[in-house]
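Those sequence lines, one after another, are chains B and Z.
Going by numbering that gives the first Met the number 0, the first residue of the first sequence is number 0, and it counts up by one from there.
Going by numbering that gives the first Met the number 0, the first residue of the second sequence is number 0, and it counts up by one from there.
No lab work stands behind these hints, which were simulated from the structure alone.
Hints should not be assumed to be uniformly reliable.
Lysine to aspartate or glutamate pairs mimicking EDC-like chemistry, simulated, CA-CA at most 20 Å apart [as the list claims (entries may be wrong)]:
hint	chain 1	residue 1	chain 2	residue 2
1	Z	K114	B	E108
2	Z	K114	B	E86
3	B	K220	B	D200
4	Z	K275	B	E65
5	B	K135	B	D111
6	B	K101	Z	E4
7	B	K209	B	E287
8	Z	K114	B	E79
Here is what each chain is made of, one letter per residue.
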Amino acid sequence: MINSTAAPAAIQLSNLTKRYGDVTAVDGLSLTIPPGSIFGLLGTNGAGKTTTFKCLLGLARPTDGEVRFNGEALQPSLFERLSYMPERVALYEWMTGEQHLKLTRLSFERFDGARANELAQLFGLNLRKRIRTFSKGQQSAMAIVIAFSTHPDILVLDEPSSGLDPVHQRHVLDLMIDAAAGGATVLFSSHQIGQVERAADRVAILHRGKRVLDGEVEQLKAEVKIIEATFQGDAPALPALDVNAGVQRVMRQGRLLRAYVRGANNGAMHQIQAASPTSVRVLDQNLEDIFLAAVGDR
Amino acid sequence: MIYKEYLRISRGIIWLSIVCALFLALTGYGRLTSHSPASTIDVEIGADAGTHSAQAAHHAVKHVHHAVHPGPHQPVIPWSLLFAIAGIVATIFAGIYGASLSNENQGHLEVAWTKPRSRSRYALIDMAADYAGATCAFALTLLTAVACLAIAGLVTNLFIDRDAWLNLVRFLVLPLAWLGLVQAATASLRERSGAVSGGLWVAAVALLGLEIADLPRMWHGVVAFLNFFNPLNYSGYRTDSSGHLAASIADLQADILALVLLGVAGILVALVQWRKLEA
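If we strip away everything but chain B, and leave its shape as in the complex, we get (with noise of 0.2 Å):
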């Protein structure tokens, strides 16, 4: 899914930061994220997700930095062709779903009437109801309706899936991948791990306002490998692993061992066996394992 084009980055910060008052909601953050590419963006409560959505579209004033969409600095006009989706459900609760469909047929020249309708049939909702009606499954639904309606070619969505069951967070996936496909760039964050390892190309791991890590899915994920050792009693202390260089991290649980190993580090593989475990598997690493070994210890 990604551009390997010279185009410009479809979302280009540059060392973004926003203070408020004393505290550092983000801090120095530089991200590119390409066109057409499915960028995941996680962190702990409080990491600074959502304030770089509001810096990214001038809904916050960045402290220092610059934002860049395509190359450009943010107008109005582009958001003709962005949507964003906040993490709070922003929709005016007095309005009925056919109303909020029509505000939106009126502000945007890309609104698809026959798109929305069928995502609202997609997602089950009643669009005569009025929106104070709706459970917050079904106003996140109502806000997926509308950011997905106007065929964006560049989604920003702040916990999509929130309040959503199993079988909606599926859908909600599903047109992030189609939309990705069809060419557009899509931004979101989400604390289930799961999702973004599913639907992201891209990942970037913010803690406490800094980026600790970014990049490939897959590459991340081949970077380190995961060795297992049970052992009969409670898993030895292993001071040789703790001092190799290759190994990552190591973490012991009751006859539980893992040590987080880059690449192809036999040295560890070895030093593990010699302390006699009752097994040994060497593990692929997923993204929450990345993602705690990324703020997990910091």
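The hints should help you fit chain Z onto chain B, whose structure is shown.
Just chain Z, lined up with the frame of chain B:
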């Protein structure tokens, strides 16, 4: 593009229409119950009214119907009075609609600011819609008042007074000034904009009262200064014995200018705050 504003404004106008319809119905009911052919006496309020009142006393049921052709001493209704009534109603509506930017700031900025139009344009359209709504309330109230007078058979008592046109303008720009005041006071609020809007009424009326109260000189100066920014200060309505406004034309023109300036200044202050907001 102004669909949301249309929906927002029309909700208020629908409520006003219901109230106006109620007034019309009550007037019609009053007219019907006071106009029974068997017992009604038409009384012309005029120089010879006294002779008729003597006859009326002999009837068991006495209903009085004002003649449609006023005599020289018949009460007259200047158009300026109707404009004043309509202006006050429109100003109430300007207060109701006038917290529109604050309403956007109560959780909807992410929707409002991610449309392909600038923040300033968005706010100006919003405020223009507020004023259009207040003007609709003015027109509706005026029409209802005239219709009520017609039903009551008093429409011929209406007369175009000397300052009618100036007062029409004055009471049309009074809601604009009030709108500016409310927007300036609430544009950056995330909550309690309704309380602030209501509180402004209390403050404005209280300031007018304090102006004529017996205050120490310094406090009187403070009140007089604050009243410079009080739109109600420029909307006084007093008539002399002939039904003409007591104010001079120059005073009325100055009032109109002050109201327009207050309105524009308030809108500009609100706009500056709106542009500085963050979601």
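Evaluated hints:
1. Using a Cα cut-off of 20 Å, the hinted pair K114/Z and E108/B holds, with the two alpha carbons roughly 11 Å apart.
2. Taking the CA atoms of K114/Z and E86/B, the gap is about 17 Å. The hint holds against a cut of 20 Å.
3. The hinted pair formed by K220/B and D200/B meets the criterion: a straight-line CA distance of about 11 Å does not exceed 20 Å.
4. In summary, the hint linking K275/Z to E65/B is supported, as the alpha carbons are separated by about 18 Å, within the 20 Å threshold.
5. Between K135/B and D111/B, the direct Cα distance comes to roughly 25 Å. Violation of the 20 Å bound is thereby established for this hinted pair.
6. Distance check on the hinted pair: K101/B and E4/Z sit about 13 Å apart at the alpha-carbon level, within 20 Å; holds.
7. Only pairs whose Cα atoms come within 20 Å are accepted, and K209/B paired with E287/B is accepted, the gap being roughly 19 Å.
8. For the hint linking K114/Z to E79/B, the alpha-carbon distance of about 7 Å falls within 20 Å, and the restraint holds.
Against the hints set out earlier in the document, a violation occurs for number 5 only.
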